[in-house]
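Undergrad: Below, each chain spelled out in residue letters.
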Amino acid sequence: MFSPNCFTTDQEIAWCPGCGNFDILQALQEALAELELSPHRVLLCSGIGQAAKIPHYIRVNGFNGLHGRALPPAVGARIANSSLKVIVQSGDGDTYGEGGNHFLHTIRRNPDIAHFVHNNQVYGLTKGQASPTSDLGMNTKVQTAGVILSPFNPLSLALALGAGFVARGFSGETEHLKQLMKAALEFPGYALVDILQPCISFNKLNTFAWYKKRVQKLEGHDTGDQEAAERLARQWGDKIPIGILYQVPAPTFESRIPALQGEAGEKPLAGRPFNPGSLVHLQEEFM
Amino acid sequence: MEINILIGGAAGQGVETIAALLGKVMLRSGYGLCLDKDYMSRVRGGHNFSRLRIAGETPWCATGKVDILVSMDQETYFIHQDTLQEKSRIIYDPESFSLPQEEKRGVPVPLQRLAKEAGGAVMANTVAVGAVLVVLGMDTDSAEKLLQEMFAHKEGMVEKNYLALKKGYKEASHHCSACFSMPDKKIDEKRLFIDGNEVLGMSALASGCRFLSAYPMTPSTGIMNYLAGKQECGVVVEQAEDEIAAINMVLGASYAGVRSLTCTSGGGFALMVEGLSLAGMTETPVVIVMGMRPGPATGLPTRTEQGDLEFVLHAGHGEFPRAVLSATHLEDAFYRLNKAFYLADKYQVPVIFLTDQNFADSARSVPPFDFQRLNYERHLVEEKGLIRPYQRYRITEDGISPRALPGQFSGEVVLADSDEHDEKGNIIEDADTRRRMVEKRLRKQAGLASEMEEPTLYGHQEPDILLMGWGSTYGALRETVDNLGFQGRKAALLHFSDLWPLPVKAVSEILTSVDKSFCVENNATGQFAALFRRETGLEVDHKILKYDGRPFMPEEILQEVQKNV
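Chains as they are written, first to last, in our numbering: chain C, 872 to 1158; chain P, 2 to 566.
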């Protein structure tokens, strides 16, 4: 009944031929189909950038907002309608640069959101500037003498902030990525999957071959071991681990909001009936 | 006949507690009252004061003269001595400081010592309340009942506060018993004693607002505090990491179907501007309460100004429809904020609701509100009206597209997009679709214009002198018109609550028939007068502007008008 075709759209895709985004899109469509999620029950929020165009290429509800601002609308939507399966998807510049503050505080909130970051270590849509995750020394039209800022490590940061689900995927390992996405979608709470992907147009350093040679699927790793996860998160260079680094649920944001609990909490906030007359008693404390 | 009490002291000395207690006593005793607050941007020290004006009917605003000065420190006396009248009285603690020898109006009450005798220095406020009551010739019955309600849950505190109250009452009676006579009571029915932020918080809740996200910022924080205390009513309050997150969270919640609100001041609104534009493009309903304070930048954080009208009119990149409403007085603001939600939902636009510190922090005694007058129509598409496949941005005659919520209809998805988009919500770049979408969105402006309320003429119906204003200056302007009337002048007020699209019919008709027109604004450049000229081509004769961070007093406006007629 559910097939990836349920999620396809008629839109012409504006990504460069050969872009890692195609693989990520395919993995997502397959993951949603395998989890038997109906398109109208899913909401995909994104920001701005090449990756952030994804709500146009997959048939689910979409809120394609502002650059750097993909997470806050997703949090708001979760509060308004906790029956929606909410996904946030954007690029590395959007998520870790412009949206850095929201990234920090969304992890602290722990809403039930699956966060898939397309991390190609470069700015695509603005044509080739360094991103927060660019490697030291990478030359660009702006960073003419090479990147001098140390790279942002999203996995270490997420672990330090207490994220319950932290994973890394690679667009070239689509089947593996799909499994990561499914695990993130089923995880109760904030789940980060940082997805390495080549940018065939602008990143001449971290190419498909570069990643392919380095990524190693985790085997025999205890996903409940935070210290081991932190060590793996810092691994970069010749060997880059991919897989679930850490997976330990904690109480979600939604489960700690009074208005979303109890009998009333069973109905999404958006669908509850309301009559202004029921609140006349609010005036008593002022009399 | 009225009584003006000013309670002043350093931050942390309980100025607001005394004012709140006294206010509630007066309310329960059947008087009309208003209270305004003047405070500094600090937690301890400095000089803060609250003014309580008590009359038979509810006064519209504070006034400059003082009958009873409760001086919690010496600085209060020196700052406010010029406002005292011959018969005024000064309640002070002689063991804390002395008044100058020539000052004969003092009522010495050792506040600290009596409080300690009653059981703790913290009750010095209650001692002061007792002193004020005896000076006014009132008994302590209402105050005792109030203390009972306030401290019932704290063991022993009711008795201790009773004692403190009695001690203050007795001590002050040696110096001045019933030095003032109270106004005749004219109010029989129950009233609320409530401030601007509380009215807005209550209105939001009663308007079906179920989500507020904001970052604390004076003077709007009171709205967030109010709603946070009402979560049992099913509202969610989330303190955002910054105002950018606040408005984006609110937009996400609104898109997903909940009436949502954010509140801020100028600096926070500046951060929200990008999100405002997003609301315009995605056609997502949102109400933003924007409590003005003096800028630029951090300005005077705890004071008042009407300096951001031009800012909110033009804020946001690109062209999109919006509505701007303002809080004029408590009785109106309760319904006006509901109108903001109604307009936001019906037209799928951002609505900015302007207040300022003067409105936010001032309390008055007002009749109970009529909750049945509030609107909770969501303007969502129903199953029977749904055209499949659903298109979020379907082009319509009035520019309003059918709004569905994500998850509302099986098999249909809702796509909102900040890029220019087609009717489905998908990104486009072609010139024709762009033009049609711009026109669709802007057509909603005509609908909004038809919803704007013309100001009603207050005062003389064929005036020679016309005062114009907007927002929180209503009370001061109304009293000015009354005073001009008492002087035999034919004066009237046109006061605007709905500001954009500006309703110009009433004012255009009357302006040419008056001798002198004045636009009165709490800013330095006359922003409303400029908007008015832009929309009508008409100009007012005089602008009365005040930009020292303080609200207008009616006597100041009167003086300026008299100079020019």
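Hints are not guaranteed to be accurate.
[What the hints assert, rightly or not] Okay, derived cross-link-like pairs now, SDA-like style, lysine to any residue, Cα gap no bigger than 20 angstroms in a straight line:
no.: 1; chain 1: P; residue 1: Lys191; chain 2: C; residue 2: Leu1150
no.: 2; chain 1: C; residue 1: Lys1138; chain 2: P; residue 2: Lys425
no.: 3; chain 1: P; residue 1: Lys425; chain 2: C; residue 2: Pro910
no.: 4; chain 1: P; residue 1: Lys231; chain 2: C; residue 2: Pro910
no.: 5; chain 1: P; residue 1: Lys191; chain 2: C; residue 2: Pro910
no.: 6; chain 1: P; residue 1: Lys425; chain 2: C; residue 2: Ile884
no.: 7; chain 1: P; residue 1: Lys231; chain 2: C; residue 2: Leu1028
no.: 8; chain 1: P; residue 1: Lys191; chain 2: C; residue 2: Leu1153
None of these hints come from the bench; they were simulated from the model.
Undergrad: Between Lys231 (chain P) and Leu1028 (chain C), is the straight-line Cα distance small enough, at 20 angstroms or below?
TA: Violated - the C-alpha atoms of Leu1028 (chain C) and Lys231 (chain P) are around 35 angstroms apart, more than 20 angstroms.
Undergrad: Regarding the pair Lys231 (chain P) and Pro910 (chain C), is the alpha-carbon distance no greater than 20 angstroms?
TA: violated, 35 angstroms
Undergrad: Checking one constraint from the list: CA of Lys191 (chain P) to CA of Leu1153 (chain C), max 20 angstroms. Satisfied?
TA: OK: Lys191 (chain P) and Leu1153 (chain C) at ~14 angstroms, within 20 angstroms.
Undergrad: Does Pro910 (chain C) sit within 20 angstroms of Lys425 (chain P), going by the straight-line distance between their CA atoms?
TA: holds, 15 angstroms
Undergrad: Tell me if the straight-line CA distance from Lys425 (chain P) to Ile884 (chain C) falls inside 20 angstroms.
TA: holds, 16 angstroms
Undergrad: Starting from Lys191 (chain P), check that the Cα of Leu1150 (chain C) is at most 20 angstroms away, please.
TA: With Cα atoms ~17 angstroms apart, Lys191 (chain P) and Leu1150 (chain C) stay inside 20 angstroms; holds.
Undergrad: Would the pair Lys1138 (chain C) and Lys425 (chain P) pass a check requiring their Cα atoms to be no farther apart than 20 angstroms?
TA: violated, 28 angstroms
Undergrad: Under the criterion that the straight-line Cα-Cα distance not exceed 20 angstroms, is the pair Lys191 (chain P), Pro910 (chain C) satisfied?
TA: violated, 54 angstroms
The structure is inconsistent with the numbered hints 2, 4, 5 and 7, although it conforms to all the rest.
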